[in-house]
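Engineer: For the protein sequence lines, the chains are A and B, in the order given. Count along the first sequence from 1, add 3, and you get the number used in this note's numbering. Count along the second sequence from 1, add 3, and you get the number used in this note's numbering.
The hints are simulated quantities; they were obtained by calculation from the structure and are not laboratory data. Be aware that a few hints might be false.
Under 10 Å between C-beta atoms, here's a sample of chain A residues computed to sit facing chain B [what the hints assert, rightly or not]:
(1) F14
(2) D245
(3) G277
We put the CB at the ideal spot given by N, CA and C, even for glycine.
Chain by chain, the residues:
2 protein chains.
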Amino acid sequence: MTLAEARDLAFRALRNNGCDDDNAAAVADNMIEAERDICAAHGLFRLPWYVSSLRSGKVNGRATPRLEQLAPGVTRLHGDRGFAPLGHRIGLPVLAQSARENGIAALAYVDMYHVGALWPEVEWLAQEGMVAFAFTASFPYVAPAGGTKPLYGTNPVGFGWPRPGQPPLVFDQASAAMARGDVMIAAREHRQLSEGIGIDREGRPTTDPDAILEGAQLAFGGYKGAALAMMVELLAGPLIGDLLSFEAQQDDAGKGAAPHGGELILALDPRRFGDPDGYLERGERLFAAILEQQGTRLPGARRLANRERTAKGGIVVPKILYDSILAVMERP
Amino acid sequence: MTLAEARDLAFRALRNNGCDDDNAAAVADNMIEAERDICAAHGLFRLPWYVSSLRSGKVNGRATPRLEQLAPGVTRLHGDRGFAPLGHRIGLPVLAQSARENGIAALAYVDMYHVGALWPEVEWLAQEGMVAFAFTASFPYVAPAGGTKPLYGTNPVGFGWPRPGQPPLVFDQASAAMARGDVMIAAREHRQLSEGIGIDREGRPTTDPDAILEGAQLAFGGYKGAALAMMVELLAGPLIGDLLSFEAQQDDAGKGAAPHGGELILALDPRRFGDPDGYLERGERLFAAILEQQGTRLPGARRLANRERTAKGGIVVPKILYDSILAVMERP
Numbered sequence: 004m005t006l007a008e009a010r011d012l013a014f015r016a017l018r019n020n021g022c023d024d025d026n027a028a029a030v031a032d033n034m035i036e037a038e039r040d041i042c043a044a045h046g047l048f049r050l051p052w053y054v055s056s057l058r059s060g061k062v063n064g065r066a067t068p069r070l071e072q073l074a075p076g077v078t079r080l081h082g083d084r085g086f087a088p089l090g091h092r093i094g095l096p097v098l099a100q101s102a103r104e105n106g107i108a109a110l111a112y113v114d115m116y117h118v119g120a121l122w123p124e125v126e127w128l129a130q131e132g133m134v135a136f137a138f139t140a141s142f143p144y145v146a147p148a149g150g151t152k153p154l155y156g157t158n159p160v161g162f163g164w165p166r167p168g169q170p171p172l173v174f175d176q177a178s179a180a181m182a183r184g185d186v187m188i189a190a191r192e193h194r195q196l197s198e199g200i201g202i203d204r205e206g207r208p209t210t211d212p213d214a215i216l217e218g219a220q221l222a223f224g225g226y227k228g229a230a231l232a233m234m235v236e237l238l239a240g241p242l243i244g245d246l247l248s249f250e251a252q253q254d255d256a257g258k259g260a261a262p263h264g265g266e267l268i269l270a271l272d273p274r275r276f277g278d279p280d281g282y283l284e285r286g287e288r289l290f291a292a293i294l295e296q297q298g299t300r301l302p303g304a305r306r307l308a309n310r311e312r313t314a315k316g317g318i319v320v321p322k323i324l325y326d327s328i329l330a331v332m333e334r335p
Numbered sequence: 004m005t006l007a008e009a010r011d012l013a014f015r016a017l018r019n020n021g022c023d024d025d026n027a028a029a030v031a032d033n034m035i036e037a038e039r040d041i042c043a044a045h046g047l048f049r050l051p052w053y054v055s056s057l058r059s060g061k062v063n064g065r066a067t068p069r070l071e072q073l074a075p076g077v078t079r080l081h082g083d084r085g086f087a088p089l090g091h092r093i094g095l096p097v098l099a100q101s102a103r104e105n106g107i108a109a110l111a112y113v114d115m116y117h118v119g120a121l122w123p124e125v126e127w128l129a130q131e132g133m134v135a136f137a138f139t140a141s142f143p144y145v146a147p148a149g150g151t152k153p154l155y156g157t158n159p160v161g162f163g164w165p166r167p168g169q170p171p172l173v174f175d176q177a178s179a180a181m182a183r184g185d186v187m188i189a190a191r192e193h194r195q196l197s198e199g200i201g202i203d204r205e206g207r208p209t210t211d212p213d214a215i216l217e218g219a220q221l222a223f224g225g226y227k228g229a230a231l232a233m234m235v236e237l238l239a240g241p242l243i244g245d246l247l248s249f250e251a252q253q254d255d256a257g258k259g260a261a262p263h264g265g266e267l268i269l270a271l272d273p274r275r276f277g278d279p280d281g282y283l284e285r286g287e288r289l290f291a292a293i294l295e296q297q298g299t300r301l302p303g304a305r306r307l308a309n310r311e312r313t314a315k316g317g318i319v320v321p322k323i324l325y326d327s328i329l330a331v332m333e334r335p
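Just chain A, with the same shape it has in the complex:
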């Protein structure tokens, strides 16, 4: 399938299930950016969930996000119960402008449904010259350090750094040892996982993805990853006045929609910090040391290589996924 065909498929499914053109376009483009970079867990794989979220009545497919300035450096985007991608189109340019003026600025999404990856927003900001962070919570999937029951979302942290003459340095990594979508894909494909990904309902270590989906995922790197997961909960929930992951689950009330909640995005304009003329070259010195002296890769390198490949060769959509998309293509 070409990327254009995949985008059309996603757009039509969303449009047919209650999205207006703006919302459908923003979500479809976001999903196809993930397909393009072969981030399967945030690509078309999510389309049935987007659709069921719309059908449940929880998500507003005709959302009109609204901006509110809370402080010189803080903007809030009221999501109107829509999906996050339309928020990016409205909020990110305002955040970048606020960072240019203040040096540092925050954008807080509230009352939204976030199912996508975080790298699209930090990449966009870094392409605008910003150093960017993004944080979001979801549903209780991950046990706290020393705990046995799910409490935190997979709680990713996204980070972007601008580079001269090439795509920004970007990473987007779950505080969980594995992204939720990847555990789900392993379960669908009946693949065992490594140790350290999760525990079963009794809190015992397991490599069975189905047992982990019923039990709890674990944070990466033990208590340190769990501390990051906790930090993300606080930033994407209490700080901005939105839900914790376990509150999002209560809010869902078993409807199986996407997680209702918030997202915090920070932008720092390096031209307002200490070395407006040198920061890019200083960053490149670090990357050169990683690439040349150590012969290793930078985070995100695989995504960028995939991006070049799929632009020419398109993507492969597994038949089981394609069928599940066709099954939700028309509103019942």
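Let chain A serve as the given structure and place chain B on it in line with the hints.
Structural biologist: For chain B alone, kept in the frame of chain A given last:
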């Protein structure tokens, strides 16, 4: 030894080796805060290194840090080649005020020597009601993901969140699997370490702390921890116009002083975000779920318990450490 006696010991050693009263007091207090919380790696253990840094002529014991406003939300503190703790006394209140005005603000230390923990600064800010981050690099100790040679500092991330009626929630964790000071203490005590802490000079996994000190430490949690270490390098170096860890080593030129470089501190005023009246209670809901439902502890709980204990019972200083302090008490 009581904390007051330990503080006096540290103050005199610093004063006798070239610090003026202000610098000696700030550094001694910072070191004794670590002793008080039984963070041995940042306590009196560091005193001989502080002294040798002064004696090398690299560090200015009579530093007069100077503030400069770079943007409405960005303040730079020129360290005048001094140790970081005096910078805290001058810079942190300005950062908190800037965050109150802008909602979010940054403080960038440049041209300083940082040997302390990061939790004192984020704890201070969180006591002022701020949500706080701190980042600093050091010397090349940690290999990048897939690499075999040291490139990153241990690159801690500090985070603080205010709590009503009790000390803030604070963590301060190295991106390295183990803090440098703890590897050094294990080497001094001839203790083997766990797997995953480091590699030897040939890049082979080892549990021997001496071999790790000659080889490289590893990031916690594999490539994800290494990505955080890289992020901290970019924030505490290129963004603010200061040195990367490997540049700090070149700058040291074998003198064995503390790392010369920068620190980035961020403060977000939750009263300028989305729920000025509810954020504290929302945070407590998360902590209650961790403590009551899962029966586990919060990050920093051990430090706070130690703090109560040492306030009454004082601290134990190992004889080998006490002797090494006496040996540097007077300038030669």
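Engineer: When the structure is checked against the list of hints, which entries are broken? Sort them ascending.
Structural biologist: Going through the list in order, the structure violates hint 1 alone and respects the others.
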